[in-house]
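Asker: Which chain is which? The protein sequence lines are A and B, in order. Numbering-wise, the working numbering puts 184 at position 184 of the first sequence, and it's gapless, one number per residue. Numbering-wise, the working numbering puts 35 at position 35 of the second sequence, and it's gapless, one number per residue.
FYI, nobody ran anything at the bench for these hints, they're computed from the structure. Being a predicted model, the structure only gives us computed values, none of them experimental. Do not take every clue at face value.
What the hints assert, rightly or not - Only pairs whose alpha carbons sit at most 20 Å apart, straight line, appear in this in silico EDC-like list of lysine to aspartate or glutamate:
id, chain 1, residue 1, chain 2, residue 2
1, A, 254, A, 170
2, A, 52, A, 170
3, A, 277, A, 17
4, B, 2, B, 114
5, A, 245, A, 212
6, B, 258, A, 200
7, A, 254, A, 215
8, B, 2, B, 54
9, B, 258, A, 212
10, A, 277, A, 189
11, B, 258, A, 14
12, B, 258, A, 189
13, B, 202, B, 67
14, B, 2, B, 203
15, A, 277, A, 202
16, B, 202, B, 18
17, B, 202, B, 102
18, B, 258, A, 259
19, B, 258, A, 17
20, B, 2, B, 50
21, A, 245, A, 190
22, B, 2, B, 174
23, A, 254, A, 189
24, B, 202, B, 111
25, B, 2, B, 112
26, B, 2, B, 236
27, A, 277, B, 187
28, A, 245, B, 114
29, A, 254, A, 14
30, B, 258, A, 280
31, B, 258, A, 225
32, A, 277, A, 295
33, B, 2, B, 55
34, A, 254, A, 73
35, A, 277, B, 236
36, A, 277, B, 67
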Amino acid sequence: MSDILAVADHRRGDLRDVSYELVTAGRELADETGGDLHVAVISGTVDEFAEKLNREGVDAIHTVSHGEEFNHDVYSQAVTQLYDELAPQYVVTPNSVNGLDYAPAIANELDLPIVTDTIGLEADGDTLVATREMYGGKVETTNELEGDAVVTIRGAEWPAAEGTGDAAIEAFDADIDEDAIGSTVTGFEEVGGGDVDISEADLLVSIGRGIEEEENLDLIRDLADALDATLSSSRPIVDNGWLPKNRQVGQSGKVVTPDVYIAIGISGAVQHVAGMKGSDTIVAINTDPNAPIMDIADYAIHDDLFDVVPELIEEFQ
Amino acid sequence: MKILVTVKEVATVEDEFEIQGTEIADQYLGADLNEWDDYAIEEAVQLQEDGIADEVVTVTIGPEECEQTIRQALAKGADRAVRVWDDSLEDTNVLDVGAKTEILSAVVEAEDPDLVLSGVQAGDDSFAATGVSVAENVGYQWGAVVNHLEHDLGDVASVRRELEGGVEELTEIELPAVLTIQTGINEPRYASLRGIRQAQRKELDVQSLADIGVDESAIEADLELTDMYEPESESDVTVWEGSAEDTASELGDLLRDKGVAQ
Ligand SMILES: Cc1cc2nc3c(=O)[nH]c(=O)nc-3n(C[C@H](O)[C@H](O)[C@H](O)COP(=O)(O)OP(=O)(O)OC[C@H]3O[C@@H](n4cnc5c(N)ncnc54)[C@H](O)[C@@H]3O)c2cc1C
Chain A
1 MSDILAVADH
11 RRGDLRDVSY
21 ELVTAGRELA
31 DETGGDLHVA
41 VISGTVDEFA
51 EKLNREGVDA
61 IHTVSHGEEF
71 NHDVYSQAVT
81 QLYDELAPQY
91 VVTPNSVNGL
101 DYAPAIANEL
111 DLPIVTDTIG
121 LEADGDTLVA
131 TREMYGGKVE
141 TTNELEGDAV
151 VTIRGAEWPA
161 AEGTGDAAIE
171 AFDADIDEDA
181 IGSTVTGFEE
191 VGGGDVDISE
201 ADLLVSIGRG
211 IEEEENLDLI
221 RDLADALDAT
231 LSSSRPIVDN
241 GWLPKNRQVG
251 QSGKVVTPDV
261 YIAIGISGAV
271 QHVAGMKGSD
281 TIVAINTDPN
291 APIMDIADYA
301 IHDDLFDVVP
311 ELIEEFQ
Chain B
1 MKILVTVKEV
11 ATVEDEFEIQ
21 GTEIADQYLG
31 ADLNEWDDYA
41 IEEAVQLQED
51 GIADEVVTVT
61 IGPEECEQTI
71 RQALAKGADR
81 AVRVWDDSLE
91 DTNVLDVGAK
101 TEILSAVVEA
111 EDPDLVLSGV
121 QAGDDSFAAT
131 GVSVAENVGY
141 QWGAVVNHLE
151 HDLGDVASVR
161 RELEGGVEEL
171 TEIELPAVLT
181 IQTGINEPRY
191 ASLRGIRQAQ
201 RKELDVQSLA
211 DIGVDESAIE
221 ADLELTDMYE
231 PESESDVTVW
241 EGSAEDTASE
251 LGDLLRDKGV
261 AQ
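Same shape as in the complex, but just chain A (with noise of 0.2 Å):
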C-alpha cells in the first residue's frame, strides 16, 4: 500500500483550477498503488482552502499554517517534512510555475527522480510510466521510473475533481527554519493592461513566428482592418517587442473566448493554447499540416500565410 502526496496550488486567496485536476489525477495514483491520497496546503488561508479541496477521493488534507503567499523554501521544507512523516510513493505537484520553482528542488533533496509536465500517468507496483511531450508538441513519450518519484502534472489534462470528500482535515506542524528563507516575495503585478482588451473581441486575427520579421505585421494589420477585427498574437511577437503585452495570447498572457479565432503562423505551444482553447471556431493557417494547432483548430488552411492573407484581405476590401 503506498500512498500519494498532492501538494495544491494558490494564489492570492483562490486556489487555481489545478488544485482541483490535481485531486482527480492523485485519486487515480493513488487507486493504482492501493493507498491513501494525502492533499496538502501551504500558507494562505489554509483552512477555507482545505474545505475546498475537501472533494471526492480525498482521504486527508494537511495544512501547513505560515505566511500569505507561495514562498518556495517554505513548500520546499514543509513538502520534504510531510514526504518523511507520510512515506508517500509520489509527490504530486502542478507543473504551474511555481510548482517548478520548488518540485525540483524537492526531488533532489530527497533524492528522488521527477518527472515534470506529465499528461498521463500510470502506476504499476512500484513502476510509474508517465506521457510527455517534447519538441513543443510534435511527438508524445512514455518514460518509465522505478520507485518514489516527484512528478509534476499539466494542468487542464485532467477533469478537476467534484464531489464532497470526508477527508481528515489536519494541521500538520511544520518546522520551517526561517534562516533557510532566502528569498522574500515584495509584491505582485498585473502586466498587460492598456488601450485594447483582447478577451472582449468577437473576432481576433491572431499572429505567430511564422511572421517572420516585424515589418510583415503591416500585412495582418490590414487584415485585422479589413475584417474590423482585434490583433492578438503568440508569445515570440509580444517577446521581440513587435506588439504589446496586452495582445499576448496564453497561459503568461490573457484568456480569450472569441466567436472566431484566426491562428495564422502559431504552432499551437500547450502555453499558447491554454489561453485561446475556447474559443468558439478556431481555424488555423499554417504551413505545417501536423502542427499541434491543428488539434483544436475546427478549420484548417495548409499554405503559406503569405499567399492566403493578401486573398482574404482583398475578399474584405
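Fit chain B with the ligand to the known structure of chain A by using the hints.
Answerer: What follows is chain B with the ligand alone, placed relative to chain A:
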C-alpha cells in the same frame, strides 16, 4: 561578479518526420541554441557591459558537434566556455534532471560563480527543472521563470517572476543564486562578424566526467524513455484545399456565416 550560463544545443524537428524506436530519425533533426538560453546569455552579457559582471562563462553538456552552438554564445560576448562530455553519455536515451544536476553542479562548484543563469526550459525535452534542481544541490538560492532582473546587483537579485495570467511576482533573492530566464526579459543580440571572429579564439575547455569528479554511476538516468509516437489527433478539423484564393474565400464565407465580418 562571475556569471555562469548554462547553454544547451537543442534538437529541432522538421515539419515532416519519422520516428525510429524512441528517437526521431536523424535526417529530420536540426540543431539550434536553446531559445531560452539565448535570453540567459544576453542577460549575462548585458550585466557584463553594465560593469556588474567581470566574467561570463558558459557550460554545456554535449558532444563535440555542439561546439558550433557554444561558439554562438561566445560570439555574443561570453568570455569562455566549458563543455562536459563522456562516451558513457552517448548511450543514454534520456539525460534526465538528476543526471544534468550532477554534472552542472560539479561545474558550478569548480567555477564558483555568484550567479547562474539558465533557460526556463529546453525547447526539445522541456523538463524545466534543471536550474532549480542544481541550485538546491549546490546550496544556492534560486528563482524560476524570471522575466526581469534589476541590474544593480549587490547581495540580492531583485527579480520579477512571471506567473500565469499576466501576473508578475516581485521577489528579492539572496546571492549566490540560480535564476531560470524566461523569454522576453531582453532582446537577444545577433552575433556581429567581429564577435564571430573573436569567438574562434576564446577558450573552450572540454572536460570528461572524471575531470569534473563525477562518477559514471551518479549520472545513471532514473528515467527510461520507452516509447515515442506522434500524438493521436483527436481533431476533426476541416481542411480547406485548393489555391490560396479558394481557401481564403472559404474562410471568408465562414466569417460571414458566423456574422463576425462583412
Ligand atoms: C512558462 C512559459 C510560459 C509561456 N507563455 C506563453 C503564452 O502566454 N503565450 C504563448 O503564445 N506562448 C507562451 N509560451 C511560449 C510557447 O512555449 C511557444 O514558444 C510559443 O507559443 C510559440 O509561438 P509560435 O507558435 O508563434 O511560434 P512557433 O512555435 O515557432 O510556430 C510558428 C509556426 O508558424 C508556422 N509557419 C512558419 N512560416 C509560415 C508561413 N509562411 N505560413 C504559415 N505558417 C507558417 C510554422 O509551421 C509553425 O507552426 C510560454 C512558454 C513558457 C515556458
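Asker: It remains to establish, for every hint, whether it holds in the given structure.
Answerer: Here is what the structure says about each hint:
1. 254(A) x 170(A): violated, 37 Å
2. 52(A) x 170(A): holds, 14 Å
3. 277(A) x 17(A): Holds, at roughly 16 Å.
4. 2(B) x 114(B): holds, 6 Å
5. 245(A) x 212(A): holds, 18 Å
6. 258(B) x 200(A): The given pair, whose Cα atoms are some 17 Å apart, holds under the 20 Å limit.
7. 254(A) x 215(A): violated, 25 Å
8. 2(B) x 54(B): holds, 6 Å
9. 258(B) x 212(A): With a Cα-Cα distance of about 30 Å, the restraint between residue 258(B) and residue 212(A) is violated, given a limit of 20 Å.
10. 277(A) x 189(A): violated, 25 Å
11. 258(B) x 14(A): violated, 36 Å
12. 258(B) x 189(A): violated, 37 Å
13. 202(B) x 67(B): Roughly 12 Å between the alpha carbons, so the hint for residue 202(B) and residue 67(B) holds.
14. 2(B) x 203(B): holds, 16 Å
15. 277(A) x 202(A): holds, 14 Å
16. 202(B) x 18(B): violated, 38 Å
17. 202(B) x 102(B): violated, 26 Å
18. 258(B) x 259(A): holds, 8 Å
19. 258(B) x 17(A): violated, 31 Å
20. 2(B) x 50(B): holds, 13 Å
21. 245(A) x 190(A): holds, 11 Å
22. 2(B) x 174(B): holds, 15 Å
23. 254(A) x 189(A): Holds: residue 254(A) and residue 189(A) sit about 15 Å apart, inside 20 Å.
24. 202(B) x 111(B): holds, 17 Å
25. 2(B) x 112(B): Roughly 8 Å between the alpha carbons, so the hint for residue 2(B) and residue 112(B) holds.
26. 2(B) x 236(B): Violated - the C-alpha atoms of residue 236(B) and residue 2(B) are around 53 Å apart, more than 20 Å.
27. 277(A) x 187(B): violated, 29 Å
28. 245(A) x 114(B): The hint is violated at about 31 Å.
29. 254(A) x 14(A): holds, 18 Å
30. 258(B) x 280(A): holds, 10 Å
31. 258(B) x 225(A): holds, 18 Å
32. 277(A) x 295(A): With a Cα-Cα distance of about 10 Å, the restraint between residue 277(A) and residue 295(A) holds, given a limit of 20 Å.
33. 2(B) x 55(B): holds, 5 Å
34. 254(A) x 73(A): Violated: residue 254(A) and residue 73(A) sit about 29 Å apart, past 20 Å.
35. 277(A) x 236(B): Judged against 20 Å, a Cα distance of about 15 Å means the pair holds.
36. 277(A) x 67(B): violated, 40 Å
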